[in-house]
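Turn these sequences into a full structure, and let the hints steer you where they fit.
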Amino acid sequence: MSRTGIPRDPVTRFVRSLPGEFFTLNEVAGHLDVSPRSVRRLIGHREDGLGPARTGHLGKVTVYLYTAANVERLQHHFALRRHANPPGKAPIGRPRLWNAAEYADRHARHVRAYHWRHRAAELLERGEFEAAGDAQRNAAEITNGLRAQYRRRVEEVGGW
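Position in the sequence shown (from 1) plus 369 gives the number in my numbering.
Worth flagging that the hints you see were computed from the coordinates, not collected in a lab. There's no promise every hint is true.
Stated by the list, open to error - What follows is a set of in silico ranges between Cβ atoms, one per label pair, in the way DEER data are often shown:
(1) R410 to G527: 17 to 25 Å
(2) R382 to A470: 16 to 24 Å
(3) E471 to G418: 30 to 38 Å
Every residue gets a Cβ at the ideal spot worked out from N, C-alpha and C, and that includes glycine.
Have a look at this one:
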């Protein structure tokens, strides 16, 4: 695994500031091409070497730290699980639904929907019912688009 560019999010900046070479759970999942949930499920398996090497805390957020050796063990674990499936059967574990760009786009749309929902509440408090209705419709349109995109992607992947 390699680190490229300057990290933008505070968790990754925190991890990069630690002595030693550590990777976040999301970085490990991306490298192994599995969902973060599949990696998170193995957090309690420290005795098998599949859990994180260390945990750190950034405020109230727990950050799971993985070393290159942890990543190799996880890679071996997922390779064995994929190999154990009969031919033609889907691999065990959930595939990633979204790549990094799609995830960022979905996050931005969730933030916009949140804005419109709260804007509608503010307008209702002030008695501006028509504008509040417009804001609620904007939020609903964004949310419905996100849900439809999710359903389409789940069907493409083969269901969960």
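Of the hints given before, which are not true for this structure? Of the numbered hints given earlier, the structure breaks none, since each of them holds.
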